[in-house]
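Chain by chain, the residues run as shown.
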Amino acid sequence: METHTETFRREPPPPLAHRTLNLPVPFETTLPNGLTLVVVEQDRLPLVNFRLALPTGDAHDPLQIPGLTDLLTHMLNEGTEEHTSRQLAEEVARLGATLTAGASSDYTTVAASALAAYGEQVLALLAEVALRPNFPENELELARQNSHQNLIAQRAQASFLATERTARVMFGEHPYHVVSPTHESIDATTRDALAAFHRARFVPRGAVLAVVGDVRREHIIARAGELFGGWEGEAPAETRFPDPPERRERVAYVVDRPGSAQSNIIIANLAVTRTHPDYFPLLVMHTILGGTASARLFMNLREEKGYTYGAYSSLDARRHAGTFRATAEVRTPVTAASLKEFFYELGRIRDEEVSEEELANAKSYLTGVFPIRLETQEGLIDQLVQMKMHGLAPDYLHRYAERVRAVTREDVRRVAREFVTPERAAVVVVGDAGAVAEQVRPFVERVEFYDGEGQPKEAPAGAPESEEAAAGADAQEEAANAE
Amino acid sequence: MSATLTLPRVGVEQFALANGLRVVLSEDRSVPVVSVAVYYDVGSRNEREGRTGFAHLFEHMMFQGSENVPKAGHFQYIFNNGGTMNGTTSTERTNYFETLPASQLPLALWLESDRMRSLKVTQENLDNQREAVKEEKRLNYDNRPYSNAFLHLNELIFRNPANAHSTIGSMEDLDAATIDDLREFFRIYYAPNNAVVTIVGDFDPREARALVEKYFSTIPAQTRPAPAEVDEPEEVAVRRETYRDPFAQLPGLMLGWKTPARRTADFYSLSLAADLLLEGDSSRLYQRLVKDEESVVGIQGGIGERRGPSSLYVFAIPKPGHTTEAIKATIDEEIRRLAAEGPAPQEMEKLRNNILNDFTRGCQSTLYRAQRLSEYALYDGDPELINSEVERYLSVTPEEIKRAAARYLMTDNYSLLEVVTAGAAEGEAPAEAAPAPSGEPEEPGSPPPQVPPPPRSDAPSTASSSLPAEPPPPASPGQPASPSEPPPEV
Chain A
1 METHTETFRR EPPPPLAHRT LNLPVPFETT LPNGLTLVVV EQDRLPLVNF
51 RLALPTGDAH DPLQIPGLTD LLTHMLNEGT EEHTSRQLAE EVARLGATLT
101 AGASSDYTTV AASALAAYGE QVLALLAEVA LRPNFPENEL ELARQNSHQN
151 LIAQRAQASF LATERTARVM FGEHPYHVVS PTHESIDATT RDALAAFHRA
201 RFVPRGAVLA VVGDVRREHI IARAGELFGG WEGEAPAETR FPDPPERRER
251 VAYVVDRPGS AQSNIIIANL AVTRTHPDYF PLLVMHTILG GTASARLFMN
301 LREEKGYTYG AYSSLDARRH AGTFRATAEV RTPVTAASLK EFFYELGRIR
351 DEEVSEEELA NAKSYLTGVF PIRLETQEGL IDQLVQMKMH GLAPDYLHRY
401 AERVRAVTRE DVRRVAREFV TPERAAVVVV GDAGAVAEQV RPFVERVEFY
451 DGEGQPKEAP AGAPESEEAA AGADAQEEAA NAE
Chain B
1001 MSATLTLPRV GVEQFALANG LRVVLSEDRS VPVVSVAVYY DVGSRNEREG
1051 RTGFAHLFEH MMFQGSENVP KAGHFQYIFN NGGTMNGTTS TERTNYFETL
1101 PASQLPLALW LESDRMRSLK VTQENLDNQR EAVKEEKRLN YDNRPYSNAF
1151 LHLNELIFRN PANAHSTIGS MEDLDAATID DLREFFRIYY APNNAVVTIV
1201 GDFDPREARA LVEKYFSTIP AQTRPAPAEV DEPEEVAVRR ETYRDPFAQL
1251 PGLMLGWKTP ARRTADFYSL SLAADLLLEG DSSRLYQRLV KDEESVVGIQ
1301 GGIGERRGPS SLYVFAIPKP GHTTEAIKAT IDEEIRRLAA EGPAPQEMEK
1351 LRNNILNDFT RGCQSTLYRA QRLSEYALYD GDPELINSEV ERYLSVTPEE
1401 IKRAAARYLM TDNYSLLEVV TAGAAEGEAP AEAAPAPSGE PEEPGSPPPQ
1451 VPPPPRSDAP STASSSLPAE PPPPASPGQP ASPSEPPPEV
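In order, the protein sequence lines correspond to chains A and B. The numbering of the first sequence is this note's numbering, which starts it at 1 and goes up by one. The numbering of the second sequence is this note's numbering, which starts it at 1001 and goes up by one.
These are calculated hints, taken from the structure and not from any lab test. You may find that some hints are simply not true.
To be verified - Reference excerpt, derived from the structure (chain A facing chain B, CB under 10 Å, subset only):
#, residue
1, N33
2, G34
3, L37
4, L47
5, A117
6, Y118
7, L142
8, Q145
9, S159
10, G291
11, S364
12, V369
13, I372
14, A393
15, P394
16, A406
What the hints assert, rightly or not - Computed beta-carbon distance windows for the label pairs:
#, chain 1, residue 1, chain 2, residue 2, range
17, B, L1394, A, G229, 48 to 56 Å
18, A, E353, B, E1124, 28 to 36 Å
19, B, R1263, A, P15, 32 to 40 Å
20, B, E1294, A, R132, 19 to 27 Å
21, A, G259, B, P1070, 38 to 46 Å
22, B, A1226, A, D451, 51 to 59 Å
Here a beta-carbon is modelled for each residue, glycine too, at the ideal position from N, C-alpha and C.
So here's chain A without its partners, still in its complex pose (with noise of 0.2 Å):
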């Protein structure tokens, strides 16, 4: 290989000029019945997008029918008052167009796509499915059974699992805690539940309307009127939801995956709703630690050790409550050392103030892969959706760089010693209970076990160690022993 390059390769480059985003200032109106309006025309691609986003989401869920939003959304192209399920999926192909629905925890979307020639066509179709569908009952037998089976075929996977344990752990009775339906709770979904549920919470005070594209504000204004306008129906009252349990001790959560080829760890506790005023120091804090791959669980447990293909933190801030996470996927016989390393990282983060240049790169990240989220309609309207669904300031896009700015090494601090608690910490671990039980022991107060379909089950019996694995444990020991 060539040792002596030339003498201008050296030092990275500086950069050019900078050039400046200009952000668009979206337009917006409320109907009288309440739904809100938001437009943003841009005429670069003939192109439109629309989301029509309301605030009822997973969380909402009857208590008795857990998944039933779900459910919901997937039948809204099931059929309506005027087309079939094939009906709608010919006349949406046949545009061109994507129209599709799904919720998150805290709102649901309706999302449409097309060519702007027939942005008026699918957004009819749009309102359609939103507003008048009708679950017909072939259609809705036809989803339970499949749901059915996808509920046995989630459980293959190891992400599923620790998913699933993680939010049963963490959000204890706040419906945050479900993941997915149940045999019994599909079975309960009756087309008159749906029905109720859709009158209900599908309501157009609250909702957002949200359309990006190359469309004109006054026409696509008069269009939603005339589709949308008619639309009625009370706001439901604010649900109160249980508060998250309360976390004292640092416990491990095995889920027995017989015969994995790696441990899933998710390391969680709670953190912070998206509304909360240190939600910026913690991004700041998060991106530091493990928001990319060169942050430094990515540096630690894949570059320098060689775990895990990738090791991250997140961020999961949601309306009514949020989690902090550190996730890896690690072959088993290194379980005890990656947890060893998570924890190592998790205590420097909360002792040791971040230098200037971990928060300049940080606060650079964010600031510079903002535009580039920004590029697409996808991206911009997605923004637009949050925004209205998490109740941010109206400024935000425009403020967002300045408040990432405005962030200190002390803030950076303060918010890992608040809102990253390892003493507290669910460890869930999804692997091969034999293999990870005596891994994961040391680190933790006591250790429970769960089966692949959630319940709990008896301590595996003891199982030989390979070389790798004791010498993690042993590494873990003398880091215990040095404290």
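Following the hints, complete the assembly by docking chain B onto the known chain A.
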């Protein structure tokens, strides 16, 4: 009815340096970002037996430092300056790409040229990345239902080992890779005359050209590598096998056909035939099997597009009580119907609007354009094809679609892989099932999207890449498009 539509036109300026590096520039000032893509003409198709997974392992090494960029410095420089990046390996090529604020174009070219000029390959980094790649293999294949079965389907479809083996390779071959192998691989395949550099976005073309010349022109050319030998024998053969999947909870049915190379006349017709059969909820097989017969929970499929012999695959999850034989018979019946009657007029309208929409929508992103331009430059020597391929697809007639279905799919030349669950008794017919997510655009040699989707979809099943997808943000099933904060796209 058809839309009055002016298709976007992607600007194309191309030139070559004296060392053989091909360069494509496409200026677009609408958003202050720039994407740089570097495509090397090396993929798993170039790997010989005993060295599978080599191209992809090498891709990881490209992030391990060069003379002026430290180990992992590439990640850091890009992220710390507000960019996103990754590298991926497919059967056809290895690509590296980054999207950055427009002012950082020099940084991207400095980074890409430094590793092309002076990559540092050390034993320590090789050992480390070998472990990372093994974890990637465990995560995306060994620990996941259906993924290894899908790789095996390719081994049934193709006879030539260059086509049949996976991009991720085998653990044994990964272990066998030596420093000397890697250095030789770099010399041969990572030469400027074996690469294309494409820049799309907000830049001054004169300035960009000067930067490219500065950073790349002194990298020496090498003797061109021998072309990959990807020919497949003419044959008529039905291959059927059973695959016992240790993690699948439900059985699966996989079908594969060998199909013509990309950009051949029949390729276009067959692609559109595949769309009519498999693309979306309005497709013939979805409507027939999922909705009418209710015999499968989900079905998906598509074309794995290559420069040489390619493939068409179908993946379905049967419902309890429905046999592979019966489902295969229905699929055959739908193929025969398309081959006999051809597409309906409204299906031709659907194809047309989808072709127009997909292209226009893709053009929103500078990275999408950079990737397409790079492919046309590397594979076809003609990046201008980005502007004419849409017309080529639109020119396909119903008669051609009909003939392609008859010629390539209505045949005794296919592979069938029956995936049985670990618990299934020997010789037991598959009995149960699950749904398929709508297909991601497929990279050649990629595993099928997972069935069923996890709570939030995991790493997209494109070709193997240097960085995993951001972990699925903890949320409920069916979360709308994006989590609340920027997932690093890697």
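Tested hints:
At its closest, the beta carbon of A/N33 sits 23 Å from a beta carbon of chain B; the interface hint therefore is violated under the 10 Å criterion. Among the interface hints, the one on A/G34 is violated; its C-beta lies about 21 Å from the nearest C-beta in chain B, farther than the 10 Å criterion. Because the beta carbon of A/L37 sits about 19 Å from the nearest beta carbon in chain B, more than 10 Å, this interface hint is broken. Annotation: A/L47 was flagged as interfacial toward chain B, and the flag holds, the nearest CB pair being 6 Å apart, inside 10 Å.
Restraint check, A/A117 versus chain B: the minimum CB separation of about 3 Å is within 10 Å; hint holds. The criterion of a C-beta within 10 Å of any C-beta in chain B is met by A/Y118, whose closest approach is roughly 6 Å, and the hint holds. Hint status for A/L142: holds, given a least beta-carbon distance of 6 Å to chain B, under 10 Å. About 7 Å separates the beta-carbon of A/Q145 from the nearest beta-carbon of chain B, less than 10 Å, and the hint is met.
Checking A/S159 against chain B by beta carbon gives a least distance of about 5 Å; that is within 10 Å, so the hint holds. Evaluation of the A/G291 hint against chain B yields a held restraint, the C-beta minimum of about 6 Å falling below 10 Å. At a threshold of 10 Å, the smallest CB-CB gap from A/S364 to chain B is about 5 Å, leaving the interface hint in force. Using the Cβ-Cβ criterion of 10 Å, the hint placing A/V369 at the interface with chain B is satisfied: the shortest such distance is roughly 5 Å.
At a threshold of 10 Å, the smallest CB-CB gap from A/I372 to chain B is about 5 Å, leaving the interface hint in force. For A/A393, the suggested interface contact is broken, since its CB lies about 15 Å from the closest CB of chain B, more than 10 Å. Taking 10 Å as the C-beta contact cut-off toward chain B, the hint placing A/P394 at the interface is violated, the least distance being around 17 Å. Hint status for A/A406 relative to chain B: violated, with the closest Cβ pair at about 17 Å, above 10 Å.
For B/L1394 and A/G229, the hinted distance range of 48 to 56 Å is not satisfied, since their beta carbons lie about 39 Å from each other. At about 31 Å, the CB distance of A/E353 to B/E1124 agrees with the hint of 28 to 36 Å. With their beta carbons about 39 Å apart, B/R1263 and A/P15 fall inside the hinted range of 32 to 40 Å. Between B/E1294 and A/R132 the beta carbon distance is about 25 Å. The supplied range of 19 to 27 Å therefore holds.
Here the CB-CB span from A/G259 to B/P1070 is close to 39 Å, well matched to the stated 38 to 46 Å. Here the CB-CB span from B/A1226 to A/D451 is close to 54 Å, well matched to the stated 51 to 59 Å.
Hints 1, 2, 3, 14, 15, 16, 17, counting from the list given before, are not met by this structure.
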